[in-house]
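There are 2 protein chains.
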Amino acid sequence: MIIDGTAIAAQIHEELAAQLKTLMPRRPQLVAILVGDNPASHLYVNSKVQACQKVGISSKKFLLPTTTTETELTNLIGLLNQDPEVTGILLQMPLPSHLNTLHVVNRINPAKDVDGATAYNHGKLVMGDPTALVPCTPLGIQVMLQRTGIPIEGKHVVIAGRSNIVGKPLACLLMQKGAGANATVTVVHSHTPDIGYFSRQADILVAAIGQAHYFTADRVKDGAVVIDVGQNQLPDPTHPKGKRLVGDVAYDEVKKKCSWITPVPGGVGPMTIAMLLSNTLKAFR
Amino acid sequence: MIIDGTAIAAQIHEELAAQLKTLMPRRPQLVAILVGDNPASHLYVNSKVQACQKVGISSKKFLLPTTTTETELTNLIGLLNQDPEVTGILLQMPLPSHLNTLHVVNRINPAKDVDGATAYNHGKLVMGDPTALVPCTPLGIQVMLQRTGIPIEGKHVVIAGRSNIVGKPLACLLMQKGAGANATVTVVHSHTPDIGYFSRQADILVAAIGQAHYFTADRVKDGAVVIDVGQNQLPDPTHPKGKRLVGDVAYDEVKKKCSWITPVPGGVGPMTIAMLLSNTLKAFR
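Protein sequences appear in the order of chains S and X. Here the first sequence is numbered in this note's numbering, starting from 1 and rising by one per residue. Here the second sequence is numbered in this note's numbering, starting from 1001 and rising by one per residue.
Treat the hints as calculated values from the structure; they're not laboratory data. In this text, a Cβ means the ideal position worked out from N, Cα and C, and glycines have one as well. You may find that some hints are simply not true.
What the hints assert, rightly or not - Just a sample of chain S residues kept apart from chain X, beta carbon distances all over 12 Å, derived:
(1) 4
(2) 6
(3) 26
(4) 40
(5) 44
(6) 46
(7) 148
(8) 255
(9) 256
(10) 257
(11) 265
As the list claims (entries may be wrong) - Simulated restraints on C-beta separations:
(12) X:1180 <-> S:94: 20 to 28 Å
(13) X:1147 <-> S:43: 47 to 55 Å
(14) S:239 <-> X:1146: 45 to 53 Å
Go ahead and model the full structure; you've got the sequences and the hints to work with.
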């Protein structure tokens, strides 16, 4: 069975739009900052801004040149931190390599950190603090599982990948006490000698290693739930753009073996955007 | 073979004392705050203060009544945050139940949080930020393994227990990129249906669930490394105090099966104190 991230996200958008209506004429404002001209980053930011408009969140984009200095960027963040009209600040990753990402991100006021990117919100998440603003992709995965009615409590979740925006915060989220969590969590990564040994034991497998079709059927347990976070571009001359987007899971063969699977595109991606909107409303309240 | 935490900690104390001498006449100051009259907490704080004196860290104790209000406690923390003479602030846990632990802890200036208790330092740890002040017990376990020459990279570490001071930060620490980490990490806990299923797969087993002798030989893999964080009091009429301290591991039977094991007492406990001193020096620098 296919987990339809697009449909679940659309439902969340509707719910958020209804809640935002009750707060009118007040409305939250999301400010997105984009440094440099990475085309994928521009696409992501635009889809986030469009999603804001649909549900009734106002938004602004700051497009800064690749040559922006750390001082210029942190000064802008400082101004947005103080601006009472600004609810949320989203700093689109990746930053150009001359900027110290950890240093810049942590200048965002944690109360406006709707992407859950600061150390303070990561720490609140680890400690099980319900006021944390949780990173959007991990939160989207949790919500997607819950809304599909897939139990998480007591299940063995194997997370492949240990990035700061997916693997590590998702591990922290699903091992907490409470509803939608209480999972036994294993994190595997590039230094795990045999990833398949662990992934074959997963009740819920989360693939976030950035390798196209890495998880073939022999690396997945019969009846597992498979969440594919991968966003890999494969050359494909039959496609108009000459390439196509594929996940970390060999979808066609794995879907015959697992109980639930997310497609790419249309799985985790739309949930990430829905959670950005949801976090913006949480920050506003 | 037995991992002698007392000996490793003594060696670290010597190294710290030598480093502190080079900084004279400047010296760091640790302030310990203890709320209420829990006898175990008094013992812990006293042993920490004594350890400070031995290596040349000055220290102060604030002993507050159980009836201390949250405002009184956070006001004290605020004064210590501003005091340039104070290097480190240690808030001994547990706090009386009328105080909101998460709220109070996060009032400590992260730069003085030598116990690694604040959300900010937890978050830095998750994100792999080397400026993090890491919670003392997890850091002590990592250092103990490294100084014993036990490889961590690529090993499967199973951590039993998900507390904010041991299990969760240790998982975050050992799954990071870099030396003394790069482990595949599994966290099991009270909601894991069969803990033994996972603990039998551990190359390195960390027992931190607070149940005396829970890990019997049949729950440990042949040749595993076993780290026992448990501090359980068992009634024992043959002891002068009528009770004795035991770990979460059935030491006598497990030591015949594993490659390395920490005793209780004399294993993790002394390392925790050594890391408090080490963090205080790090904060001072």
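Evaluated hints:
1. 4: holds, 29 Å
2. 6: Fine: 30 Å to the nearest Cβ keeps residue 6 of chain S off the interface.
3. 26: holds, 27 Å
4. 40: The claim holds: residue 40 of chain S sits with its nearest Cβ about 22 Å from chain X, beyond 12 Å.
5. 44: holds, 21 Å
6. 46: holds, 27 Å
7. 148: Correct as stated: the minimum Cβ-Cβ distance to chain X is 20 Å, above 12 Å.
8. 255: holds, 27 Å
9. 256: Label holds. Min Cβ-Cβ 27 Å, cutoff 12 Å.
10. 257: At roughly 22 Å from the nearest Cβ of chain X, residue 257 of chain S sits farther out than 12 Å, so the non-interface label holds.
11. 265: The claim holds: residue 265 of chain S sits with its nearest Cβ about 28 Å from chain X, beyond 12 Å.
12. X:1180 <-> S:94: 20 to 28 Å: Hint holds: Cβ distance 27 Å, inside 20 to 28 Å.
13. X:1147 <-> S:43: 47 to 55 Å: Since the Cβ atoms of residue 1147 of chain X and residue 43 of chain S sit about 49 Å apart, the hinted range of 47 to 55 Å holds.
14. S:239 <-> X:1146: 45 to 53 Å: With Cβ atoms ~50 Å apart, the hint holds.
This entry satisfies every hint, going by the numbered hints stated previously.
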